[in-house]
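**Q** Based on these hints, arrange chain B with the ligands on the given structure of chain A.
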Amino acid sequence: MAMLEVAHLNKSFGGLTATNDVSFDVAEGEIVSIIGPNGAGKSTVFNLITGVYRPDSGDIRFGGRSIVGMGTNRIVDLGIARTFQNLRLFTNLTVLENVLSAQHHALRTTWLSAVLRTPSYRRQERRMREIATEKLAFFGPRLMSFRLNQPVYVLSYANRRRTEMARAMATGAKLLLLDEPSAGMNPSETKEITQIIRRMRDEGGYTIVLVEHKMGLVGEISDRVIVLDYGQKIAEGSYRQVVDDPKVIEAYLGKKAAAERIEELEETGER
Amino acid sequence: MALHQTPTAFDDVDPRKRVRNVALTFVAIGLGVLVLMLLESIGSSKLTQSLALFAIWGVATVSLNLINGTLGILSLGHHGFMLIGGYTTGLLILDEAARARILTSARSMMTEESLAISVTSMLRSLGLDALTTPETLWVRFLIAIFLGGLMAAFAGLIVGIPSLRLRGDYLAIVTFGFGEIIRLSASTRLFAEYTNGALGFPGLTSEFGKSIWWTFGVLAFTVFVISKLKFSSYGRAMQAIREDEVAAQAMGINLAYHKVLGFVISAFFAGVAGGLWVSWLGGVRLDFFLFQLTFFFLVAISAGGTGSITGVLLGTALVVFVRQYGDPLEQTYTLQQWLAFAGGALVLMAALAVLFRSLRRLRPRFHWSAGVLAGAAVLAFVIAAIDPAFLEGTFRGFGMRAIFLSVLLIAIMVFRPEGMIGRNEFSWAMLLRERRSGPTDEERGQDAWLTNPVLNPRGTDVDPEAGPQKPTAPGRAAARELDADWDEGVDEASRDGTDGSRAPDDGPDDGPDDERRR
Ligand SMILES: Nc1ncnc2c1ncn2[C@@H]1O[C@H](COP(=O)(O)OP(=O)(O)OP(=O)(O)O)[C@@H](O)[C@H]1O
Ligand SMILES: [Mg+2]
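Protein chains in written order, with the working numbering: chain A, 1 to 271; chain B, 1 to 518.
For the record, the hints were derived by calculation from the structure and aren't laboratory data.
Possibly wrong hints are sitting among the right ones.
Here are the in silico distance ranges between beta carbons for each label pair [as the list claims (entries may be wrong)]:
{"#": "1", "chain 1": "B", "residue 1": "L74", "chain 2": "A", "residue 2": "R108", "range": "24 to 34 Å"}
{"#": "2", "chain 1": "A", "residue 1": "G71", "chain 2": "B", "residue 2": "S358", "range": "45 to 55 Å"}
{"#": "3", "chain 1": "B", "residue 1": "F191", "chain 2": "A", "residue 2": "G69", "range": "40 to 50 Å"}
{"#": "4", "chain 1": "A", "residue 1": "V68", "chain 2": "B", "residue 2": "A220", "range": "48 to 58 Å"}
{"#": "5", "chain 1": "B", "residue 1": "R18", "chain 2": "A", "residue 2": "L112", "range": "20 to 30 Å"}
{"#": "6", "chain 1": "A", "residue 1": "R108", "chain 2": "B", "residue 2": "R167", "range": "25 to 35 Å"}
Note that beta-carbon positions come from the ideal geometry of N, C-alpha and C, so glycine has one too.
Pulled out of the complex, with its shape left as it was, chain A reads as follows:
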């Protein structure tokens, strides 16, 4: 049984159809990429899965259980966490505090025992710190030593992306939805994050769905690629299958402007 099953998902904003009958499955341990031109509805799919939006129709099942209509925080409890395309870190909190706050939902003490610092609370707090360093260590020692106690607003863009991924991992989720994890990163950082995403699956045991524009990254790590265009799924399969699909080429190259953009992406993303 697939870990995540998305069936006939529809969502429109006013007159605009953001997703149109989108269906796909994700099996445990897979890395699945969702690609498509700008405005294709990729982020909307993430927002629907995480409960930020409610689908107009269709079903989303996680571990066999329908999660449509559940609150975002409930869905995290069940084991789906995400990052945001436009970075939504807690900017005035430190790197460590950001990653710790993602574990709060799993805390099993009342606020009163937190105030009184009961042994049970202390134990859990220490455990939370261990998990936080464990997740941050995926990104090498750069977020570890003094950066741990630096507020997020002094971090570089790339470090913020890394912090956000560590924060999503720290929630304890099994399925991670990464919205353009390499946006704003230079080629070598992109190369690095590609390796890290693979290690997140291999060593961390996470199942990963990611939205990306950089085809180099997508081609290198995806077990499967799903292509969206105007809210519709137009192709699904291995990276090679998908990029050779005439419908996909049309979606990207149909317009002249899109063709230029693709070239530009190839240049930056695949070098």
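**A** Quick look at chain B with the ligands alone, frame taken from chain A:
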């Protein structure tokens, strides 16, 4: 050098320092008690009263700041919660003589049944007669303010619920509305039986509200609970909500629960503060709980530093000082004197402008605006000295204290919007200048090594030449697997000099030079 925001202090400090910090805290509390004893014995009653007022308002501002600063919701209804606590406490500890007076008064709106409500009667019905003697009044007062806090907390639960659906300005208006509804409904027929309508209850004991021991004791308890809460996982969740609600929820934080929790805890302490406040005033009346009270609290919070308990207490001290010792501002003076005062204020502003510019290292230090202010001051002095005919007459500075506070608030918001001490929190480490605002030289070296491909062409984790470094095992594996060039974008921090990546020549043993690389 900017102080960094205090990281969540928890087991971070090494054990020896923790012992030292606890010891220092006890010494400080001991010294504080001694100072208070001294002030109580030699100071005027006005001084002790002012100190008690500081502590009472401190309870209110620290609790309000849990909503405004930690949770990031602008709440304008704190006076309503205080009112509930105040009336509850008042009704519960009113003495027999005062009750008899109210009952026989023609304009009284209370009934025999409602006047029978008291801690004394509760204790009697529980068979605890020993606690109803005059000597044990303090026990009854303690019970009364606790129950007052509980009543207010219940109101906080109700007010907290709209906060789940509303945001920002709209929510602020709703909390303001709630505060006013509470205040106005206290005088309606519905509640007049318990509140005695517009008359309230006069003749309340001031034994507790004006005692610095009681008020400072309650303040210490409040600061303890709220700071422990703030620096716990729950406090982090609340701050996450303040920073970004969508992200907080996407990280599994239950917005509804934490917002309502914040409101309930805050309202509880507001209710307790209300109980002390009516005792300080020696009675309960509706106009003791005007919106103005919340306004003063907000001034204190904004002036001191939103989100910082230390800052809020500092701001409260300022506001209480102006309230208690600002009488000269509201006296009657001749217009000539007023003009001279205005001149003095202008001189002060000019001096502050120069001071501000030199503290910020702005050039020129003597900006033309300071010259204009000084010129205006001279003009004012000259006119006052000439004393022309139009300066006849007098003027009473009615409301000058509030105006003064407002002007002060505007100045702080313009020049230091984060408040006097911003988000920083007092800590021994900060006082002893142990708080780190950047990496050590060793860490700088390590960071330079990691992020600079020129120094580290093979992309290994540890600079073999530098001192002992202990990156964790996964970190080491991560770095080994990477392709060589980690060309990390230079952090913003590095522009402040806190990032090592651009300064390989910083320390003596910072990164290896070319020779060592080969
Ligand atoms: N909350 C919203 N209200 C109205 N329209 C929306 C909303 N969210 C998304 N849309 C629209 O839905 C369409 C799909 O948006 P979405 O963000 O999913 O695109 P995307 O595939 O993630 O694009 P990009 O590659 O630019 O991130 C867009 O046309 C967008 O304008
Ligand atoms: Mg998107």
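**Q** Is it true that the C-beta distance of F191 of chain B to G69 of chain A lies inside 40 to 50 Å, as the hint says?
**A** holds (41 Å)
**Q** Falls inside 48 to 58 Å, the C-beta gap from V68 of chain A to A220 of chain B?
**A** Since V68 of chain A and A220 of chain B have Cβ atoms about 50 Å apart, the given range 48 to 58 Å holds.
**Q** Within 24 to 34 Å: is that where the Cβ-Cβ distance between L74 of chain B and R108 of chain A falls?
**A** This hint holds: roughly 32 Å between Cβ atoms.
**Q** Is it true that R18 of chain B and L112 of chain A lie within 20 to 30 Å of each other by Cβ?
**A** Once the Cβ atoms are compared, 23 Å apart, the range 20 to 30 Å for L112 of chain A and R18 of chain B holds.
**Q** Is it true that the C-beta distance of G71 of chain A to S358 of chain B lies inside 45 to 55 Å, as the hint says?
**A** Hint holds: Cβ distance 53 Å, inside 45 to 55 Å.
**Q** Hint says 25 to 35 Å; check whether the CB-CB distance for R108 of chain A and R167 of chain B agrees.
**A** holds (30 Å)
Checked against the numbered hints listed earlier, the structure breaks none of them; every hint is satisfied.
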